[in-house]
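Mind docking chain B on chain A? Use the hints.
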Amino acid sequence: MKTYEQINDRIESGRAVVLTADEIMDYVDKKGLTAAAEDVDVVTTATFGPMCSSGCVLNFGHSKPKIRISEAWIEDVLVYSGIAAVDVYLGATQLRHGDPANMYHPGEFRYGGGHVIEDLVAGKTLQLFALSYGTDCYPLRELRTYFTINDLNQAIMVNPRNCYQNYNVAINDSDRTIYTYMGTLEPYRKNANYCSAGQLSPLLNDPHYDVIGVGTKVWLAGAHGHVYAEGTQHAGVCERTPDGVPMEGAGTLALTADMKQMCPEFVRGVSLRGYGASLALGVGIPIPILNEEILKRTCIRDRDILAPVIDYSYHYPEKTGKILRYVSYEQLRSGQIEVEGRKVVVGSLSSYHKALEIAHLLADEIKRGDFRLAEPIAHLPKDIQMKSLVTKEKPS
Amino acid sequence: MSTAVTKKLMLFFPRCECEKPIIYHLVKDHNLVVNVYRAKVTPEEEGYLVLDVTGTEEDIEKAMDFVKTFNVSINPTGKGVIRDEERCTHCGHCVTHCPTGALHIVDEATREVGYSEAKCIECLACIRVCPYGACTSAF
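Sequence order for the protein chains is A and B.
206 is the number that the numbering used here gives to position 226 of the first sequence; each next residue is one higher, with no gaps.
If you want the numbering used here, it's the 1-based position in the second sequence plus 27.
Only chain A is shown next, with the shape it has when bound in the complex (with noise of 0.2 Å):
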């Protein structure tokens, strides 16, 4: 048994002992449950991959004369100004204005606001358009400017819903090619596309949300931020493997950090052709080894994860619930799984590649002292379900 003060006081001395998602299997297998939880600090547990529910709010300071923002747009991408005269905020799925969409199908979303997100972290400069109706305080009607990250007050990541503990594998049981948030899906079952981390990933390393809740402490694309709810569409009761592992999306958090702090490398744009635009990022978690039930639950290993495979040209767009079978992610990595008997080939839209290298990065960052842990002020929920949006007639 470890407290997080013992934790983190043994990551100020720079004595911890950190390993990644990836390795503290076969350390485990070597040492004995026991003596392992003893030795082990902190697990770093990470995933990168599109997380289109992201974006984050910026604050311009004020112009002279003063102006209070109504309508905005950077590079041409809308963003809200539905709050204070000089915030606003920039959504990742937002598409560039003018931006053809499908119009011409399957549209190509080279640029929108994951895009925008990006560059200004990579500190580019970007423009800002500006409207307003004016009023006494704030008089200026119209504004076009050129800013950078740094000329900014704030720029903060606020992401409604990131790292889904486990998600689906798409598959296109149709006659015609299939553009989806899943990626390019080829008639006739002919491919298949996953999106997580695995056995790396943070929530499928912590199954009932033991250790990372609400203030847990996380590296988002190199800043230091942290969970500050529940993400949008968390449901902890879901289906399970009998070892308590979600078989589906489950769990998932809201994360924020400050995106002066981050790195380009983690903040990158996505397109998804005939789907949209969007903005894939790195997290990195680190589990602090508290006692040998949480060790135990880092152990997991991707032949004991396991996905549902989905049609998404009929069975998930019409939400019919049908699944055609589990899969696991040693099987998926393998590159081919097996559906009614043929075999399928597997892509990947996640990076376990820059999952594995963001897991080393956040461990080297504890072992050296410079990432302390932080207890959670409050649980996740495990007791939510996943509701459906009930379409009514109006109430008489």
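Derived from the structure by calculation, the hints contain no laboratory data.
Please read all numbers here as calculations on a predicted model, not as lab measurements.
Positions of the beta carbon are idealized from the N, C-alpha and C atoms, including for glycine.
Warning: the hint list may mix true and false statements.
Claimed, not checked - So the derived list for chain B, only partly shown, Cβ under 10 Å to chain A, looks like this: (1) R114; (2) T116; (3) H120; (4) T123; (5) I132; (6) E135; (7) T137; (8) R138; (9) V140; (10) C157; (11) P158; (12) Y159.
To be verified - Some chain A residues close to chain B (C-beta under 10 Å, calculated; not the full set): (13) D2; (14) F28; (15) L252; (16) S331.
Chain B in isolation, oriented as in the chain A frame:
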């Protein structure tokens, strides 16, 4: 008799050279076997051609001297498709769409994606599917 070798080339045609049957002469006069992967040679515009040529070293060299007389630039690296290492996140989405295995997983443990240019037939599938814009075309 010297052995045949295969070389992948990218030819750049300046605007004025688009109307000449250069490839015909490579076959007829220089004994080369040509396999054109991709071409964009239109009147009044610059043109590009990516192809394999197979023949003896000597014949290929003579043929290239002939091509150069038309003011056509030869890029011996044959790079019609460019993969930007910096933009690649190694997600592996392209791998299942690449028909020849030019884009492939180098290391099963780290899932690093590698690119063997020699295997690329310039089908451009990677350009269409890469979410990060890591693959682009020279033309």
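Status of the hints after comparison with the structure:
no. : hint : in the structure
1   : R114 : holds (8 Å)
2   : T116 : holds (4 Å)
3   : H120 : holds (5 Å)
4   : T123 : holds (4 Å)
5   : I132 : holds (7 Å)
6   : E135 : holds (8 Å)
7   : T137 : holds (5 Å)
8   : R138 : holds (4 Å)
9   : V140 : holds (7 Å)
10  : C157 : holds (8 Å)
11  : P158 : holds (5 Å)
12  : Y159 : holds (6 Å)
13  : D2   : holds (8 Å)
14  : F28  : holds (7 Å)
15  : L252 : holds (6 Å)
16  : S331 : holds (4 Å)
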